Amino acid sequence: AQKITQTQPGMFVQEKEAVTLDCTYDTSDPSYGLFWYKQPSSGEMIFLIYQGSYDQQNATEGRYSLNFQKARKSANLVISASQLGDSAMYFCAMKGDTGRRALTFGSGTRLQVQP
Amino acid sequence: NAGVTQTPKFQVLKTGQSMTLQCAQDMNHEYMSWYRQDPGMGLRLIHYSVGAGITDQGEVPNGYNVSRSTTEDFPLRLLSAAPSQTSVYFCASSYHSGGTEKLFFGSGTQLSVL
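If you're matching them up, the sequences are chains C and D in order. Taking the numbering used here, the leading residue of the first sequence gets 1, the next gets one more, and so forth. Taking the numbering used here, the leading residue of the second sequence gets 1001, the next gets one more, and so forth.
Keep in mind that the hints were calculated from the coordinates and are not lab data. Here the structure is a predicted model, which is why all the values come from computation and not from measurement. Positions of the beta carbon are idealized from the N, C-alpha and C atoms, including for glycine. Heads up, a few of these hints could be off.
If the Cβ cut is set under 10 Å, some of the chain D residues that face chain C in the computed set are [what the hints assert, rightly or not]:
| hint | residue |
| --- | --- |
| 1 | S1033 |
| 2 | Q1037 |
| 3 | G1040 |
| 4 | L1043 |
| 5 | G1063 |
| 6 | Y1064 |
| 7 | E1072 |
| 8 | P1075 |
| 9 | A1092 |
| 10 | F1104 |
| 11 | F1105 |
| 12 | Q1110 |
| 13 | L1111 |
| 14 | S1112 |
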């Protein structure tokens, strides 16, 4: 079985500073993928970044980067130069090496960016 | 592009009523899935489909049925609504290409069962 753990229920960050959202995972699959999604107060789920377990380099997408440490089973999201619009819930998720293309989600971290 | 379209956006049911949540995607994705999100929690998988005619159960399938007669549509049926099914429901479709996986969500359906 797969499990995602997000230990930070809430985080605060000052505008323009960087913030790291923690995510650890557990799986017995040899191949897997890790995702981060943003959920603003409007409720939609917005894809941010993806990291495959065999990717040699950490994934980056604009101001988002994924700090992937395979031995520690961690996949932390780093947001650089925080903006007020980054205030939202952030979910870490993973897909295992099965055919079902479905994700296991963590419980989320609520990020609040302060001016 | 429409992407993943869910209807309705809001629904109120009485206990015991049945209804169908609609989901359609226009991206020709083989893989579709339904999730529910309860307050303060992440999404949990209800049912999924790896292609037309093929469905399977996820983490929390009880009380829900699905079918996949076409690639585009993946409706979720509540057979006899219960207050425990009050939740926000998300449909998603996904593809895998070039070592990257992308999963696209619909905008969600907020369901209240009284």
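Hint validity - D/F1105 Cβ closer than 10 Å to any chain C Cβ: holds, 4 Å
Have a go at the D/G1063 hint: is there a Cβ in chain C nearer than 10 Å to its own Cβ? violated, 18 Å
Hint validation: D/L1111 versus chain C, beta carbon distance must be below 10 Å. Holds or violated? violated, 13 Å
So, as I understand it, the hint says D/S1033 touches chain C; can you test that by seeing if any CB pair is closer than 10 Å? Interface hint status for D/S1033: holds (5 Å vs cutoff 10 Å).
With a cut-off of 10 Å, does the beta carbon of D/F1104 approach a beta carbon of chain C closely enough for the hint to hold? Hint on D/F1104: holds, closest Cβ of chain C at ~7 Å, below 10 Å.
Quick one, is the D/S1112 hint okay against chain C at 10 Å, beta carbons? violated, 14 Å
Restraint satisfaction for D/E1072 [CB to CB of chain C, less than 10 Å]: This interface hint is violated because 16 Å lies over the 10 Å limit.
Are D/P1075 and chain C close enough, Cβ to Cβ, to be under 10 Å, as the hint says? With a closest approach of 17 Å, the D/P1075 hint is violated.
Under 10 Å is the threshold here; is the Cβ of D/Q1037 close enough to any Cβ of chain C for the hint to stand? holds, 9 Å
Take the shortest C-beta to C-beta distance between D/Y1064 and chain C; is it under 10 Å? violated, 14 Å
Hey, does the D/Q1110 contact hint survive, CB to chain C under 10 Å? holds, 8 Å
Under the criterion of a CB-CB separation shorter than 10 Å, is D/A1092 in contact with chain C as hinted? holds, 8 Å
Checked against the numbered hints listed earlier, the structure breaks hints 5, 6, 7, 8, 13 and 14; every other hint is satisfied.
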